Structure formats: C-alpha cells, structure tokens
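Trainee: These are the residues of each chain, in order.
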Amino acid sequence: MEMAVQSKFTPWASLAGGVLIGLSAVMVMGLFGRIAGISGITGGFLGALVPMRGAPRDRDWRVAFLLGLVAAPLLMMLSGGTVAQSVPGNLGGMLAAGLLVGLGTALGSGCTSGHGVCGLARLSRRSLAAVVTFMAAGFATVFVLRHVLGTV
Amino acid sequence: MRIAWGFLSGLVFGLGLVLSGMADPAKVLNFLDLTGRWDPSLAFVMGGATLTAFIGYRLVWRRSAPVLEARFDLPTNSRIDRPLVLGAALFGIGWGIGGFCPGPAWTALPLLAPGTLVFLPAMLAGLWLGTRIKSLDALMTEGATL
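Chains as they are written, first to last, in the working numbering: chain U, 160 to 311; chain H, 131 to 276.
Isolated chain U (complex conformation):
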C-alpha cells in the first residue's frame, strides 16, 4: 500500500450494486437454502481440491458460483464497460493480507457477505458481533498504516 488512490463517492452505483448482491443472496437462499457467504463457498471449492475436514459437501453449485464471480468482470468488459481497479502492489503485504483474511474468515465462520449481508438480514446477533469486530479492526488497521506509520 505504497500510495493512496483517490476514489469517487458513488452512492447510486454502490446502492444498485448492493441490491444485486442482495438479490444473489436471495437466489442462493431460495434455490439452495444456504447463506451466500463467499468464504464458506470458497471452503466448498477448496474441499474439492484438497482433503479438508469440515469443508461443505455440496460442492457443485459452490464451484459454479465462484465461476460466475470470476466471469462477472469479463462480461462487463465484453459488453463495453470498464472495471476500475487499483490493487496494492506491496506483495509481502498482500501475502500477509491473504493469509489473515483466509484464516480469520475460517475461524470466524464468515466474511463481509456471510456475516455482513446475510447475517444482518437474518438479524443474527452473532453476525452483528462479527461485523462490528471486523469493521473496527479494518478501521484501526488503515488508521495505523496510513496515519501512524505513514506508509501511504
């Protein structure tokens, strides 16, 4: 995270994108009776690759869901849209970040989608506790990196 990139506040596009994410969560519940948590869905995919106790067994739709996720930006670009992206280039930082995100979402049983969108929609206290915790940790981390250590 060697440079902080400006980003524009996009209330309407973000709200509309949020509605699509919510719609996908409703599809997964209505079709498969499951929470659309990406960390859990990724766990199902991982269980198909390597032996993993505790991985979900209904792998077919989970692998297809991930393919859909990957296909989305391609479809957007093919239809003439642009996909703005600025990924931090500090590879050591990204390695640590990936490990922490994987480890944390496995231990905490969910991420921004499972606890955030789906858990809050179910009015789960457990998910609310998770959301408050990861938001607070995220705010604190960016504050320390950008304003205390000044790495940006």
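A partial selection of chain U residues facing chain H, derived with a Cβ cut-off under 10 Å:
| id | residue |
| --- | --- |
| 1 | Val-187 |
| 2 | Ala-214 |
| 3 | Leu-259 |
| 4 | Val-276 |
| 5 | Ser-283 |
| 6 | Ala-295 |
Think of the hints as simulated: they come from the structure by calculation, not from any bench.
It should be emphasised that the depicted structure is a prediction, and the values quoted were computed from it without experimental measurement.
The beta carbon of each residue, even a glycine, is placed where N, CA and C say it ideally should be.
Knowing the structure of chain U, use the given hints to seat chain H on it.
Mentor: Relative to the frame of chain U, chain H by itself:
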C-alpha cells in the same frame, strides 16, 4: 440445473461487486480510512444488499423448502464466542492491509494484477489452515464434554 443456477447466482453477485465499486481495493481501503480519504460508498453497498436480502429472505422463507434442496440449512450457532471474535479481528486486519475480502478477490482474478495473484492463493492457504484449526478445536471441545 444446479450448476446453471449456481453460476447465475455468482454472476449476479459479481456484477454487483463490480458495479458497486467493491471489486476495487482502493475504494474499500478509502472507506476504512475514516480520518483520511474517506469514501462512504461501501456503506451504501451494505445497506442496499442487506435491505434486499432482508425482504427477499422473508419472501423465500414462506416456502417449505428451497427449490433445489430438501430443506433450508441455516446456521444454528448463536453464541458470540472466542473463535468468532478472534477470527473477525484477524479478517479485519487483513482486509485493512489488502482491501480485499473473499468476494472481490475472486472478481479481481481475471484482471491478473500481481497483488491479486499473491493474495488469492494466500487466502486459500489461510482458509485451509483456519478450517483445520476449527475442526481440531471442535474435536477437543467434544472430547472435553464426553
């Protein structure tokens, strides 16, 4: 059928991530930067998604079962325990460093940025390790109550 619907659900989710700007780590990191370049967009994404799911879930739960499975399978654990809080804290730190949570890491994959190509395999390794730790922990707790 299951594959097609699974793919379509993922596609809708992914289009939502791209359209909302959440596929861009810079936007996420700026949301987390309250005292700096704060960009409140993420709050609108969460709001729109949660409200849609809140209403949609209640419509869907009127059915006795989902379309492609025998029953709804919802989390039953309601305890706020140590693994939950510790896990969420670790996740939040990683999220604050990289600006990626699991969904956007997948949608970023086809753009092949070096940061993504390092992040995603590391996330899979972390997920594997965390799942192992959790299942060992569950075994030990079971053993203790026997």
